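Undergrad: The primary structure of each chain is shown beneath.
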Amino acid sequence: MSQVPLSHILIVSTALFFIGMYGLFTRRNMITMLMSVELLLNSVNINFVAFNKYLYPDKLEGVFFTLFIIAIAAAEAAVTIAIIINLYRNFHSIDVEATGEMKF
Amino acid sequence: MPNYAYIALIPLLPLAGFVVLGLFGRRCFRHFSGLIGTGLVLVSTALALWVAYQYFFGTGHTALAFRSHPLIMLKADWLPFSPHLSIDLSAIIDPISVMMIAVVSFISLMVHIFSLGYMKGEERFATYYAFLGLFTFSMLGLVLSGNLFETYIFWELVGCSSFLLIGYYYERPTAVAAAKKAFIVTRFADLGFLVGILILSFQAKTLDFNMLIVQLLDPRLPHTTFLGISLLSWGLFLIFIGGAGKSAMFPLHIWLPDAMEGPTPVSALIHAATMVVAGVYLVARLYVLYGSDPGVLQIVLYVGAFSALLAAIIACTQTDIKRVLAYSTMSQIGYMMFALGSYGYTASIFHLFTHAFFKALLFLCAGVIIHQVQSNEIKGMGGLRKTMPLTHVCFLVACLAIAGIPPFSGFFSKEDILLAAYQANKLVYLLGLFTSGLTAFYMFRLYFSIFWNKPSERHPHKMPLVESIPLVILALGAAFAGFIPFSRLMNPDGAPEATHGISGMAIAPVALALLGIGIAAYLYGKESDRPAKVVAAVRGFYTFAYHKFYIDEVYSFITKKIIFNLIGRPAAWIDRNIVDGLMNLLAAVTARISAGIKGFQSGKVQDYALYFFAGIAGLTVLFIYIYT
Chain A
1 MSQVPLSHIL
11 IVSTALFFIG
21 MYGLFTRRNM
31 ITMLMSVELL
41 LNSVNINFVA
51 FNKYLYPDKL
61 EGVFFTLFII
71 AIAAAEAAVT
81 IAIIINLYRN
91 FHSIDVEATG
101 EMKF
Chain B
1 MPNYAYIALI
11 PLLPLAGFVV
21 LGLFGRRCFR
31 HFSGLIGTGL
41 VLVSTALALW
51 VAYQYFFGTG
61 HTALAFRSHP
71 LIMLKADWLP
81 FSPHLSIDLS
91 AIIDPISVMM
101 IAVVSFISLM
111 VHIFSLGYMK
121 GEERFATYYA
131 FLGLFTFSML
141 GLVLSGNLFE
151 TYIFWELVGC
161 SSFLLIGYYY
171 ERPTAVAAAK
181 KAFIVTRFAD
191 LGFLVGILIL
201 SFQAKTLDFN
211 MLIVQLLDPR
221 LPHTTFLGIS
231 LLSWGLFLIF
241 IGGAGKSAMF
251 PLHIWLPDAM
261 EGPTPVSALI
271 HAATMVVAGV
281 YLVARLYVLY
291 GSDPGVLQIV
301 LYVGAFSALL
311 AAIIACTQTD
321 IKRVLAYSTM
331 SQIGYMMFAL
341 GSYGYTASIF
351 HLFTHAFFKA
361 LLFLCAGVII
371 HQVQSNEIKG
381 MGGLRKTMPL
391 THVCFLVACL
401 AIAGIPPFSG
411 FFSKEDILLA
421 AYQANKLVYL
431 LGLFTSGLTA
441 FYMFRLYFSI
451 FWNKPSERHP
461 HKMPLVESIP
471 LVILALGAAF
481 AGFIPFSRLM
491 NPDGAPEATH
501 GISGMAIAPV
511 ALALLGIGIA
521 AYLYGKESDR
531 PAKVVAAVRG
541 FYTFAYHKFY
551 IDEVYSFITK
561 KIIFNLIGRP
571 AAWIDRNIVD
581 GLMNLLAAVT
591 ARISAGIKGF
601 QSGKVQDYAL
611 YFFAGIAGLT
621 VLFIYIYT
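In order, the protein sequence lines correspond to chains A and B.
Numbering-wise (our numbering), the first sequence opens with residue 1 and increments by one.
Numbering-wise (our numbering), the second sequence opens with residue 1 and increments by one.
A couple of the hints might just be wrong.
[Claimed, not checked] With a cut-off of at most 25 Å between alpha-carbon atoms, the simulated DMTMM-like pairs for lysine to aspartate or glutamate come out as follows:
1) B/K604 <-> A/E97
2) B/K120 <-> B/E377
3) B/K180 <-> B/E123
4) B/K598 <-> A/E101
5) B/K548 <-> B/D218
6) B/K533 <-> B/E377
7) B/K548 <-> B/E377
8) B/K180 <-> B/D552
9) B/K386 <-> B/E527
10) A/K103 <-> B/D607
11) B/K604 <-> A/D95
12) B/K75 <-> B/E156
13) B/K604 <-> A/E38
14) B/K598 <-> A/E97
15) B/K604 <-> A/E101
16) B/K604 <-> A/E61
17) B/K462 <-> B/E156
18) B/K462 <-> B/E377
19) B/K180 <-> B/E377
20) B/K598 <-> A/D95
21) B/K379 <-> B/D293
22) B/K560 <-> B/D190
23) B/K386 <-> B/D293
24) B/K548 <-> B/D529
25) B/K386 <-> B/D529
26) B/K561 <-> B/D575
27) B/K379 <-> B/E527
By construction, these hints were calculated from the structure, which means they are not laboratory data.
This structure is a prediction, so every number in the text was calculated from the model and none was measured.
Please model the entire structure based on the sequences and the hints provided.
TA: Structure, rendered in structure tokens:
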């Protein structure tokens, strides 16, 4: 079984990145926006792992980076959900349009 | 060598009083604040007198060499600029400073005690004592300072406390105006002092008094001139301007009569006995330099003599008791100045010493009288000799002392001054002689108008003990201070001066003084129309003198019409249009720009994220463009 070329994996990760960006900009629901951010992070993770495996197979830095990013993403999700809960208590909505009070 | 380290306590105790009373006086000890202030000054007076006793009588006789040069005590570097030029905080001990701390603290103590009765029941009693403490601290610091710049610091502090005390009754507009006037006029003169300090320290490369004198008298000093006059003379002249401002010499005397708006004990302390002689003290402190410069000394001589005469003439026409005393102060300081100008260092300091006693006494008596009759105008007084016998006796003693009647203190010092003037300059001697006759006349004009003139009623006025004790002590001082062998103790170079009296010198001034008293008794002894006739005979001159020779008017013409119009208005225009305009322009530009870009802050998270990604994308494009 032949190996999947690197370019295919990069295409997948790029696609994932832009899907995440699209979701981040178009969705008004904060939970969905959080999920989109997770997509962005995961596309980066894929890149790290892929480059590590294809370019420097005898090293492990890329893998460890990925592990750190996953851990940070978990922490970030916890913080974000806490923020969303607080916003919900204040605005009774998790629509991002409803929270546009901090303007000039 | 005895240890004088405790000398630092002498100025610091009144300072402690100022801090404590100023911070907590009105809240915590309203009624005891006077006692606290007085107690602190009492301790520092005791210390000062002890220092003076030690200095003049303890070690002085045995070790004359020890007195021949000033001692620097407690030197502390405060602001060093270079190894030689530094502003130190030091205390200098030489005959004149020791004499001054004794006089200043003593008079201050008397005024503190007197004010316990006089200022009783005042709303701002504690503040008053706090200010008195500040003044006493700064005056003691001024006379003790061993560094020219340190002197300047205390000089300004003295001016500041004088300002505060003149404006003590700040709800009276006249008091506010007087305080402002005193501050501005003396500040203006102090500018001269500051420039003088800069010139002298630039020449000598030091600010320390002893070093300064040594350096400036060094013949190897490069002889720099400015407008044909040596830089040293300029420096000394400018410093004299500062001294003349503080000492109310013509033409900077205009603030002193107005300063009488302050409480009367303050006038006794600041504007009669201590602060106004600071100018004399300053010239005396640098006397070796002034003595080496006959030109500047001539200016001192003539300014002093002219001020003495001018003030004496004005004093003859004034009807406000405190103003008469103010002009009399100015006249007596003129005496001290021209004594310095005619190489009569000892005589001048001696007169400073005796003047402090009798002038403080006169002012305190005036305070008692003003409280009794509730007015400053001598026209409303008269016949008070039985009503207030003690004040009467004290006032009489002080008048005799200032008139120079033997054996009261003023006789001795005035004799010395006239002797010095006689040897230096005959014209000034004659002016001084005439002025001494005038002095006797106007003082006894005051005396007879207040205590005789009208039939007296026998209702002895009760005076509190705290007021009568200072009067009695000062009266004793005014009567007997002349017997202190002053010339043996005091000299610019430390060596005792041989008194070379000319027999018969005393006859002319005493005869003139008696003549003045006689005329005053004739005119004002009984109520009559004699004064009015005399006034009518010299109406033009009288009006001229009554309006103080219109000097105030000249000043207000110069300031209001010339300076305000020619300098003030253009400056205001520049300030309003150019300086303010620049600032307004800056603000307007900022406001315009921010109005343009504030739309970016929409409050929408996704917009911000978009800007963020756009920025990243821009940077990426930039980097790709740069690195390929």
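Undergrad: Against this structure, judge whether each hint is valid.
TA: Taking the hints in turn, this is what the structure says about them:
Taken as a hint, the B/K604 and A/E97 pair is honoured in the structure, with Cα atoms around 7 Å apart against an allowance of 25 Å. A hinted pair counts as satisfied when its Cα atoms are at most 25 Å apart, and B/K120 with B/E377 qualifies at roughly 23 Å. Taking the CA atoms of B/K180 and B/E123, the gap is about 22 Å. The hint holds against a cut of 25 Å. For the given pair, B/K598 sits about 14 Å from A/E101 by alpha-carbon distance, which is consistent with the 25 Å threshold.
The hinted pair formed by B/K548 and B/D218 fails the criterion: a straight-line CA distance of about 45 Å is larger than 25 Å. Pair hint B/K533 plus B/E377 holds up; C-alpha atoms about 20 Å apart against a cutoff of 25 Å. For the suggested pair B/K548 and B/E377, the alpha carbons sit about 17 Å apart, so the restraint of at most 25 Å is met. In summary, the hint linking B/K180 to B/D552 is supported, as the alpha carbons are separated by about 14 Å, within the 25 Å threshold.
Distance restraint check for B/K386 and B/E527: the Cα-Cα separation of roughly 17 Å lies within the 25 Å cut-off, and the hinted pair is therefore satisfied. Under the criterion of a C-alpha separation no larger than 25 Å, the hint pairing A/K103 with B/D607 is consistent with the structure, at around 12 Å. Distance hint between B/K604 and A/D95 is fulfilled; the C-alpha atoms sit about 11 Å from each other, no more than 25 Å. Distance restraint check for B/K75 and B/E156: the Cα-Cα separation of roughly 21 Å lies within the 25 Å cut-off, and the hinted pair is therefore satisfied.
Proximity of B/K604 to A/E38 is assessed by CA-CA distance (about 20 Å); at most 25 Å being required, the pair is judged to hold. At most 25 Å may separate the alpha-carbon atoms for a hinted pair to count; B/K598 and A/E97 meet this at roughly 19 Å. Among the hinted pairs, B/K604 with A/E101 is consistent with the structure: their alpha-carbon atoms are about 8 Å apart, no more than 25 Å. This hinted pair does not check out: B/K604 and A/E61 have alpha carbons roughly 37 Å apart, beyond 25 Å.
Note on B/K462 and B/E156: the hinted pairing is violated, with a Cα-Cα distance of about 40 Å set against a maximum of 25 Å. Between B/K462 and B/E377 the alpha-carbon distance is near 22 Å, which keeps this suggested pair within the 25 Å criterion. The straight-line distance between the Cα atoms of B/K180 and B/E377 is roughly 24 Å, inside the 25 Å bound, and the hint therefore holds. Between B/K598 and A/D95 the alpha-carbon distance is near 24 Å, which keeps this suggested pair within the 25 Å criterion.
Note on B/K379 and B/D293: the hinted pairing is violated, with a Cα-Cα distance of about 47 Å set against a maximum of 25 Å. Restraint check for B/K560 and B/D190: satisfied, since their Cα atoms lie roughly 21 Å apart, inside the 25 Å limit. A C-alpha spacing of about 54 Å is found between B/K386 and B/D293, which places the hinted pair above 25 Å, so the restraint is violated. Note on B/K548 and B/D529: the hinted pairing holds, with a Cα-Cα distance of about 24 Å set against a maximum of 25 Å.
A distance of roughly 24 Å separates the Cα atoms of B/K386 and B/D529; the hinted pair therefore holds under the 25 Å criterion. For the proposed pair B/K561 and B/D575, the alpha carbon gap of about 20 Å is at most 25 Å, so the pair holds. Proximity of B/K379 to B/E527 is assessed by CA-CA distance (about 11 Å); at most 25 Å being required, the pair is judged to hold.
This entry does not satisfy hints 5, 16, 17, 21 and 23, going by the numbered hints stated previously.
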